[in-house]
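Peer 1: Residue-level listing of the chains:
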Amino acid sequence: MTDATQETSGPIVAADGRPLRQSLNRALRRQKIRALLLIAPLLAFIMVSFVIPIGDMLFRSVENQIVPETLPRTTALLGDWDPDLGEPPPEAVFAAFYTDLVLAEERKLHTRLGSRLNYENSGVASLFRATGRDVGRFDTDIYTDQLVAAVPDLEDGAKWAGWMAEPPVRDALPQTADAYDGWAQMVAEVHNADPVTRQPADFVFAALYRDLAAGAAPPPPLDVDVGGFETVSIRDQFAASDPKWLDTGVWRTMRAYAGPLTNGYFLNAVDMMKSADGPRVRPENERIYLTLFLRTMKMSLVITGLCILLGYPVAWILANLPLRSANLLMILVLLPFWTSLLVRTSAWKILLQQQGVINDLLVGIGLVGDGSRLELINNSTGTIIAMTHILLPFMILPLYSVMKTIPPSYLRAAKSLGANDWTAFWRVYFPQSAPGVGAGSILVFILAIGYYITPELVGGTKGVFISNRIAFHISSSLNWGLAAALGTILLVMVLVLYWAYDKLVGIDNVKLGG
Amino acid sequence: MKLNRLIITAGALSLAAGMGSAESHMSNEMVLVSWGGAYQASQLHAYAEPYMALHPEVSIIWDESSPEAVAKLRAMNEAGNITWDLVDVEAADSIRLCDEGLAMEIDFDAVLAPGDDGSTPTEDFGDSIVSECFIPQIVFSTTVGYRTDMVGDTPPTSICALFDLETYPGKRALNRNPLANMEWALLCDGVAKADVYTVLATEEGQARALAKLDTIKDSVIWWSASAEPPQLLADGEIVMGSSYNGRLFSAIAEQGQPIGMLWDAEMLDFDGWVVPTGLSEERLARVMDFLYFATDTQRLADQSAYISYGPARASSAPLVGNHATLGIPMAPHMPTDPANATNVFVTQYAFWSDYRDDLDAKFQTWLAQ
Amino acid sequence: MSGIPIYASAGQRVWYYSFRVICGLVFFFLIAPVLVIIPLSFNAQDFFTFTPEMLRLDPAGYSLKHYQDFFSNSDWQLAMANSLKIAPLATMLSVGLGTLAAIGLSQSHVPFRRAIMAILISPMIVPLIISATGMFFFYTKLGLWMEDTLGVSKSFTGYFKVVLAHAALGIPFVIITVTATLTGFDQSLTRAAASMGAGPVRTFFRVQMPLILPGVISGALFAFITSFDEVVVVLFVGSAAQKTLPWQMFIGLREQISPTILAVATLLVVVSIMLLTTLEILRRRSERLRGLSPG
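Residue numbers (numbering that gives the first Met the number 0), protein chains in the order written: chain A, 0 to 513; chain B, 0 to 368; chain C, 0 to 294.
Be careful, since some hints might not be right.
Beta-carbon label-pair distances, calculated as ranges [what the hints assert, rightly or not]: (1) 67/C with 193/B: 36 to 44 Å; (2) 126/B with 304/A: 31 to 39 Å; (3) 369/A with 284/C: 14 to 22 Å; (4) 411/A with 199/C: 49 to 57 Å; (5) 39/A with 34/C: 22 to 30 Å; (6) 12/C with 369/A: 51 to 59 Å; (7) 297/B with 129/A: 34 to 42 Å; (8) 32/A with 80/B: 52 to 60 Å; (9) 271/C with 417/A: 43 to 51 Å; (10) 55/C with 191/B: 29 to 37 Å; (11) 193/B with 216/A: 54 to 62 Å; (12) 129/A with 155/C: 41 to 49 Å; (13) 243/A with 80/B: 36 to 44 Å; (14) 149/C with 126/B: 49 to 57 Å.
Think about it this way: if two alpha-carbon atoms lie no more than 27 Å apart in a straight line, the pair counts; the simulated DSS-like pairs of lysine-lysine are [what the hints assert, rightly or not]: (15) 461/A with 216/B; (16) 216/B with 243/A; (17) 297/A with 107/A; (18) 192/B with 297/A.
Per the computed footprint, the stretches of chain B lying under chain C, defined by three or more beta-carbons under 8 Å from a beta-carbon of chain C, are [unchecked claim]: (19) 29-38; (20) 49-63; (21) 69-83; (22) 336-349.
Derived from the structure by calculation, the hints contain no laboratory data. The beta-carbon is built from N, C-alpha and C at its ideal position, and this holds for glycine as well.
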């Protein structure tokens, strides 16, 4: 209807007297609401029980709180240090790091941080572990002794608490106030003690010395003249614990990973790394993930193709045989399903290995010499055979349930109209079975891409997937950030393929989302 | 301080255990995590059953999750719900758990039983204490087993038979991770035993190890589940392969397979308990009571009747007896037996905790090429 | 395809028979591993190997000890019982919610259909190991909350967590198979039913449900198998008290190869053959009773 007709004849009215347009709109809205109400329970269930937890997990791919939280003072100063000069950072950075490390050691966080940084720079873990043992015994106690000798009240925790509560003192002694706050909080949380009852640790005295040496003028009695004090270089103290602290390497790593968020895991996941000049490609002997991503894609496509090739005729015969025989054959499709994936994978090992059943048979009938038994397992062939077998029912069943709905009369009609067998199949039958092919392919491909147990067991070196590395990083190396980054990339790849499939083949042929 | 409190509780406990009181402060349920299979069975017979006989009120649940222990403990810790009481892990994993703050640091002399010979626990366990969180149970070794019927008249005597394709043609099975493989490759490439880790810490050394492995790469089947090598040997699929000595012993002595075993440059390694951080006081008390009992000299020696792994305490060695069902003496099958330990290679955990991720990336890249 | 017409050409005949041979080979490919498993489960040794004794058909090479192990070992019994509890519950949950949602999705004019679809099938897309860890955190907190606030027992929350996790994993299969069936569904049928005065519920059960039943059943089958054969998530979300058959098998394969696994697999195969055959016999009987010609 056009506006013109409406204008001349007025709105068309439905049976209940409302304008038809309004009535239709209302019906449409009701339909929409009903559809959404049907979907809502599941959507809520999936959102809560799956999407949010997994989103939380994937967020670890950029999360890097541990570095700035454990080393707040160091990371604040490291930004000003220029690693390209080839010199270790200045004494001030070492002093800040000293404070951070003592506090981290008391909270037992330093080894955790060391493990985190070890992903980026091998050796940091043991550096942190070893220096963590030493850091409480640095020679900074000379400041404590000299300052206490000058002002005996400095031994008194209650006096300290009093001073540190006074704004003029805090303003005059910023480093001291900061170190004291960190110490007091740590004492309360870790030792369950009231800081008032304790003399602050050496690093607080070292901070007080630094403030005073920098010319701070706090109110008395804290205005000690430290000009004649014996000093100790904190940098040397670290160097004495381990000379690696004088290399720029470990500091570069800390500087690169100073922020609360990082792209480092993602760079790592595409065989790149952070460096002073921005991201760059890893050395060739460490490039693995792109190879694995490509291999996962390629092999999943091959497996999907094989499943279509093998599954289509079987589904067709199941859908077109009399129900009686079809159901019996269906048992053959379902049987492997009832056999655990682990058992089937093991069975393939028994069948495919060099001393296995298939090779024995081939040698037995003289097709293959005993010396040249085929290598069917522990390579990509093994993965493809075993996974095609495991995923084939996921192709056959959707195909079958779609083919079952195609009336055989269509094919007969086409033939009676003069189409030959092939034309009738390709132009009439196949398009109608396409939703089944689409659903089956998507099922098989997506399942294949995320598989890891089967490739792990039969894939050898050339047949493992990216999921195997993800599993390794989750369960062995504990590098969950990298695992999450790899998982996110895999997820995005699947979504992109899904989208491309939608555009190219048309989702109407699959009815998965359009 | 947590550690102090622990030491005090634990000290009090070891006293209390002697006097047979203070039971009411302990929880009566304990979840022990182990590896399943014959190893877990040996722990059940040697530790858990006698402990439950002494404490009938205690029930023990076994969870075969040790292979996922590191990941699961971290997840439990983050979720704030520790459901495990005592976890059996490999030494290398215990370092990782300790570094991550997921396992509790232990004051060995305060919470463990002294040796039968009067030695302190620290002396008795000696080098097997590889981290502050690790209470050792057994010594095992990664070594090489071979098919006796596939090596002709010259059974291998050296680890380098792995790399000798001329004398021993055929497939080999190696673990699909760099541990042990890199060390053996360097040893057989002429690096002295003492220098292996120094060399392996350098880029050139790593390249050298991989180059050596390259010479046999086409003949290697890489295993990932530890049940695989004995199966492959039994099938005759491989001529030799790396495996744990306990598994090889089981295939040889218990299953009667035609398999022989090398005692050359075997990689000595440890397995033991860690206590997760964050247990409630009642549960911790029970765990400590169990640990005191289950890691004493007699219990560790008892375990060796069921599996051919050596007790981690020096004082247990003289008490090692016969196999529980076969009746054969077990001492000659222990990795700690002097006859077997003529040329052991001791794994350096500090090295691996630093280089594991880096070497693993390189190793996997190499494998994929 | 009931027989070949008499007027078929030679080429058609060749194709007809070679097609059947191809299908036969695919069926053989499907059951080959099952055929290997059954004899090996009677192996007298503790390895997955055809021993020379077995090949000679020497009785000494065979034994029932792995079956004895299955029936006498409490771990296996527990695992079996758990699997039989968890899988049906998870299936019911995912089929119930999934079929409703699939019907909703198949209506015309659903806003944000594409986004909703992507969310609903996400449990299938995310690599299992990532799902396992992600779900672990959520379910642990959920379990704690249930124990503290609702006061339910630890054992109940243990099962509840695994059922929920498995239901979430099964849902994409239900959605995909049911929506694929609904594509071929003629919506005018529901309109016809409605115009004749049937309410939505009645339309659903009397008109829609019978027609989409094959899709629902195959979705249910996938969901059931997902739970019954799932090992990665249950290793994380479950604890030893909820260990399922795959969990027990996984341990068996990894730690110490034990042909008990094969015995269990054989038993499952036998049970499922009996189950499927019974169903088929019942179906034929009901057809006879209803006076339909046996198909």
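Peer 1: Does each hint hold? Answer for all of them.
Peer 2: Checked hints:
Distance hint check: the CB atoms of residue 67/C and residue 193/B are about 52 Å apart, inconsistent with the given range 36 to 44 Å. Between residue 126/B and residue 304/A the beta carbons are some 56 Å apart, a value that contradicts the proposed interval 31 to 39 Å. Judged by the Cβ atoms, the range 14 to 22 Å given for residue 369/A and residue 284/C is violated: they are separated by roughly 54 Å. Checked against the given bound of 49 to 57 Å, the beta carbons of residue 411/A and residue 199/C, roughly 37 Å apart, lie outside it.
The hinted window of 22 to 30 Å between residue 39/A and residue 34/C is violated, with their beta carbons roughly 47 Å apart. At about 41 Å, the beta-carbon gap between residue 12/C and residue 369/A misses the expected band of 51 to 59 Å. The given range of 34 to 42 Å is respected by residue 297/B and residue 129/A, whose C-beta atoms sit roughly 37 Å from each other. Between residue 32/A and residue 80/B the C-beta distance comes to about 40 Å, which lies outside the given range of 52 to 60 Å.
Take residue 271/C and residue 417/A: their Cβ atoms lie about 46 Å apart, and the range 43 to 51 Å holds. Separation of residue 55/C from residue 191/B is about 52 Å and departs from the stated range, judged on CB atoms against 29 to 37 Å. Distance hint check for residue 193/B and residue 216/A: the Cβ-Cβ separation is about 59 Å, which falls inside the suggested range of 54 to 62 Å. A C-beta distance of roughly 48 Å is found between residue 129/A and residue 155/C, which places it inside the suggested range of 41 to 49 Å.
Taken as a hint, the range 36 to 44 Å holds for the pair residue 243/A and residue 80/B, whose Cβ atoms sit roughly 38 Å apart. Our hint of 49 to 57 Å for residue 149/C and residue 126/B holds, since their Cβ atoms are close to 51 Å apart. Between residue 461/A and residue 216/B the alpha-carbon distance is near 12 Å, which keeps this suggested pair within the 27 Å criterion. Simply put, residue 216/B and residue 243/A have alpha-carbon atoms about 36 Å apart, too far for the 27 Å limit, and the pair is violated.
For the proposed pair residue 297/A and residue 107/A, the alpha carbon gap of about 45 Å is over 27 Å, so the pair is violated. The suggested pairing of residue 192/B with residue 297/A is violated, with an alpha-carbon distance near 43 Å, which exceeds 27 Å. Given a C-beta distance limit of less than 8 Å, the hint that chain C covers the stretch 29-38 of chain B holds, as 6 residues qualify and 3 suffice. Under a criterion of three residues with beta carbons nearer than 8 Å to beta carbons of chain C, the stated coverage of the stretch 49-63 of chain B is upheld, 4 such residues being counted.
For the stretch 69-83 of chain B, the proposed coverage by chain C is satisfied: 9 residues have a C-beta within less than 8 Å of a C-beta in that chain, meeting the threshold of three. With a cut-off of 8 Å between beta carbons, the stretch 336-349 of chain B has 0 residues touching chain C; three or more are needed, and the interface restraint is violated.
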